[in-house]
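Undergrad: Could you build all of it, start to finish, from the sequences and the hints given here?
Here the protein sequences come in this chain order: A and B. Residue 220 in the numbering used here sits at position 220 of the first sequence, with consecutive numbering throughout. Residue 288 in the numbering used here sits at position 288 of the second sequence, with consecutive numbering throughout.
Since the hints were derived computationally from the structure, they do not count as laboratory data. It is possible that some hints are incorrect.
Claimed, not checked - Here are the computed lysine to any residue pairs in the SDA-like style, where the Cα-Cα straight-line distance is at most 25 Å:
# : chain 1 : residue 1 : chain 2 : residue 2
1 : B       : Lys424    : A       : Ile80
2 : B       : Lys14     : A       : Tyr97
3 : B       : Lys8      : A       : Leu135
4 : A       : Lys84     : B       : Thr426
5 : B       : Lys8      : A       : Arg82
6 : B       : Lys424    : A       : Arg79
7 : B       : Lys61     : B       : Glu281
8 : B       : Lys424    : A       : His212
9 : A       : Lys84     : B       : Glu427
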Amino acid sequence: MAEKILELKNVSKIYGSLKALADINLSVNAGDWLSIMGPSGSGKTTMINIIGCMDTPSLGNVILDNVDISRENAASLTRIRRDKIGLIFQQFHLISYLTAVENVMVAQYYHSMPDEDEAMEALEKVGLKDRAHHLPAQLSGGEQQRVCIARALINSPQILLGDEPTGNLDEENERIVVDIFRRLHDEGVTIIIVTHDPEVGDVAQRKIILEHGKIIDDIDQSATFGEALKLKGK
Amino acid sequence: MFWRMIFKTLVRQKSKMLMIAFTVILGVSLSTAMMNVMLGVGDKVNRELKVYGANITVRHKDAALMSDLYGLTEGLGVNDKFLYEEDIFKLKTIFWGFNILDFVPMLDGKAVLSVKGRAGVIGEVSLFGTWTEKHAILSTGEELATGLKTLRTWWEVEGEWLDEDENNSVMLGKNLALKNKIHVGDAVTLTNNGVVKNFIVKGIFNDGGTDDEKILMNLSAVQELMNLNGKISSIEVSALTTPDNDLARKAAQDPKSLSPDEYETWYCTAYVSAICHQIQEVIRDGVAKPVRQVAESEGTILNKTTLLMILITILSSIGSALAISNLITASVIERSQELGLLKALGAYNWQIALLVLIEVMLTGLFGGILGYFLGIGFAQIIGQTVFGSYIEIARMVILIVAVILFFVTLLGSVPAIRYLMALKPTEVLHGK
Ligand SMILES: Nc1ncnc2c1ncn2[C@@H]1O[C@H](COP(=O)(O)OP(=O)(O)OP(=O)(O)O)[C@@H](O)[C@H]1O
Ligand SMILES: [Mg+2]
Chain A
1 MAEKILELKN VSKIYGSLKA LADINLSVNA GDWLSIMGPS GSGKTTMINI IGCMDTPSLG
61 NVILDNVDIS RENAASLTRI RRDKIGLIFQ QFHLISYLTA VENVMVAQYY HSMPDEDEAM
121 EALEKVGLKD RAHHLPAQLS GGEQQRVCIA RALINSPQIL LGDEPTGNLD EENERIVVDI
181 FRRLHDEGVT IIIVTHDPEV GDVAQRKIIL EHGKIIDDID QSATFGEALK LKGK
Chain B
1 MFWRMIFKTL VRQKSKMLMI AFTVILGVSL STAMMNVMLG VGDKVNRELK VYGANITVRH
61 KDAALMSDLY GLTEGLGVND KFLYEEDIFK LKTIFWGFNI LDFVPMLDGK AVLSVKGRAG
121 VIGEVSLFGT WTEKHAILST GEELATGLKT LRTWWEVEGE WLDEDENNSV MLGKNLALKN
181 KIHVGDAVTL TNNGVVKNFI VKGIFNDGGT DDEKILMNLS AVQELMNLNG KISSIEVSAL
241 TTPDNDLARK AAQDPKSLSP DEYETWYCTA YVSAICHQIQ EVIRDGVAKP VRQVAESEGT
301 ILNKTTLLMI LITILSSIGS ALAISNLITA SVIERSQELG LLKALGAYNW QIALLVLIEV
361 MLTGLFGGIL GYFLGIGFAQ IIGQTVFGSY IEIARMVILI VAVILFFVTL LGSVPAIRYL
421 MALKPTEVLH GK
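TA: Below you can see the structure in the form of structure tokens.
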């Protein structure tokens with residue numbers, strides 16, 4: 001069987017009297033594609049932040065690639081995030097004064113060494129080679145999100161995390177992005193995506209539903225996997 | 001990549017960075033100017049104050065006593081006591097010889113004045129002989145250039161100064177010349193005890209004091225006229241001095257009251273009293289007395305000016321640090337999303353702090369270089385307007401200003417860097 005890449009054991013995140021996450025247990029296999037859905041305020045972002053080493057749980061343990069990260073300090077969390085995680089955000093977060101390729105190179109710089117050829121290759125993968133020297137403001141939302149994906153992938157992370165990566169995109173761009181995810185999945189990248197969009201949620205192999213910080217449903221979709229949201233014309 | 005990011009941030013934030021640079025320019029130019037003036041001013045203030053006259057006078061001990069006891073400046077027991085001209089160069093051999101800037105001998109005399117082409121005589125007038133200019137090579141090999149010309153910078157001279165060893169010309173005090181309608185170029189005769197000498201009036205000086213009633217001649221001309229070869233009445237000395245303290249005042253009363261240690265300290269400090277003491281050791285029969293107000297005010301003014309300049313430098317540094325800290329913090333807060341993103345992408349805190357620091361330091365360097373040259377300009381303006389002379393640029397200032405600037409920008413960056421350290425990527429990246 002596939003090995004576990006991520007395991008949450010009795011994880012809680014408590015803000016005062018509010019339990020943003022309440023005693024979550026979850027394990028994800030390497031190469032899986034997981035959707036996280038649920039109403040607003042149910043704890044999806046909180047969960048992604050903890051998995052992405054940007055936050056720590058109040059209680060419980062998070063084991064990422066056989067390392068317990070729940071009690072690490074900020075510097076080692078940064079190192080783990082840098083080496084293992086690729087992040088995509090709903091608001092893209094590109095640096096406005098750097099070109100597409102430079103934005104990708106920033107991630108290389110903080111990981112190891114900037115390498116323009118490699119960065120260009122990553123952009124080519126997301127179909128943006130000819131837009132590489134444009135500033136974010138000169139790119140459409142879909143193109144910007146693809147730059148983000150290229151940036152998230154440049155250091156070959158084991159896990160790709162997206163917090164509503166298609167939230168700001170129209171259907172056409174949503175399809176393009178999902179298609180990229182699909183290719184990444186074929187390459188063996190573990191994908192965890194938070195989404196409000198049922199269609200995007202349905203593409204994944206597995207879908208969990210959060211409510212009030214608890215997993216209320218865990219659906220295996222491997223039967224229908226690969227069918228939804230195909231690119232038009234294909 | 002790093003430099004590209006820094007460069008692009010600087011360009012993008014140019015208005016804020018220009019403000020920082022501007023603050024630095026102001027601070028650095030002010031500090032540079034103040035420090036250069038401060039270092040140059042010791043000399044400058046002294047030279048400036050020197051125009052009020054010599055700060056030490058050396059007279060024959062009997063003449064000095066008569067003047068102290070009875071206030072006599074003329075007559076028997078005053079006018080017939082002399083110092084030796086040959087002693088005068090020994091002034092440069094004393095322990096504090098280097099602090100003695102200028103000195104001139106003075107010989108007072110009287111003679112009967114008459115003007116060529118006019119009938120009769122004008123009457124008896126006072127004369128004084130001195131060096132208007134003097135160049136000599138001392139036994140130590142040191143070159144000496146002094147003269148009354150440097151001690152009387154405030155004189156307004158119509159016509160010309162006497163040249164060195166110009167023994168057939170004289171200069172007249174303005175009052176004397178006016179009263180008797182004598183002009184530059186007139187020929188005059190001076191007679192004393194059967195010695196008759198002819199002179200041309202080369203210049204008319206306005207001193208603003210009693211000397212305006214007198215005739216100024218070269219020392220040797222007066223000596224000849226008065227038949228007093230090798231004799232002088234007094235010496236005017238201008239020296240750089242250290243402000244008096246209790247020790248100096250105690251010593252001024254009586255050097256013998258000092259313990260050997262105290263004596264040593266006193267002797268080896270450029271107090272007026274110590275310099276006077278040393279002058280007396282080399283000038284036979286001489287008594288050296290400071291011209292009090294001037295000597296003391298020199299030191300006090302010097303101290304106060306220095307203090308003022310240090311204060312201005314410190315205040316301008318603090319001001320710059322505060323302004324820079326505000327600007328940097330504002331710039332960092334404005335960019336918190338971008339910097340949070342860098343953290344999310346795997347940048348360590350120190351890497352982001354370094355990024356911001358280098359931005360600030362580069363801006364500071366830019367402002368610092370501009371400010372330095374501006375400051376040198378200010379220093380010269382201050383030098384010209386306040387002290388009437390060029391201010392020597394001290395290299396040391398570059399180093400001091402660079403160190404101050406470094407710490408000021410570093411200190412100014414502290415709040416911004418603390419903010420950066422505490423910044424959580426989750427707080428800025430999921431902003432709704
Ligand atoms: N830093 C915080 N301090 C206090 N409460 C917080 C903090 N972050 C999140 N919460 C609370 O935790 C709960 C879960 O928030 P979370 O952002 O995970 O929701 P979400 O599922 O991502 O919602 P959305 O779909 O609107 O993005 C919310 O009630 C939120 O108000
Ligand atoms: Mg959310």
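Undergrad: Compare the structure with each hint and give your call.
TA: For each hint, the structure was consulted:
Of the pairs offered as hints, the one joining Lys424 (chain B) and Ile80 (chain A) holds, with about 16 Å between alpha carbons and a cut-off of 25 Å not exceeded. With a C-alpha separation of about 13 Å, the suggested pair Lys14 (chain B) and Tyr97 (chain A) falls inside the 25 Å cut-off, and the hint holds. Restraint check: the Cα-Cα separation between Lys8 (chain B) and Leu135 (chain A) comes to about 12 Å, which is no more than 25 Å; the hinted pair holds. Taking the CA atoms of Lys84 (chain A) and Thr426 (chain B), the gap is near 18 Å; set against the 25 Å cutoff, the hint holds.
Restraint check for Lys8 (chain B) and Arg82 (chain A): satisfied, since their Cα atoms lie roughly 24 Å apart, inside the 25 Å limit. Between Lys424 (chain B) and Arg79 (chain A) the CA atoms are separated by roughly 15 Å; this keeps the pair inside 25 Å, and the hint holds. For the hint pairing Lys61 (chain B) with Glu281 (chain B), the CA-to-CA distance comes to about 13 Å; that is within 25 Å, so the pair holds. For the given pair, Lys424 (chain B) sits about 24 Å from His212 (chain A) by alpha-carbon distance, which is consistent with the 25 Å threshold.
Of the pairs offered as hints, the one joining Lys84 (chain A) and Glu427 (chain B) holds, with about 21 Å between alpha carbons and a cut-off of 25 Å not exceeded.
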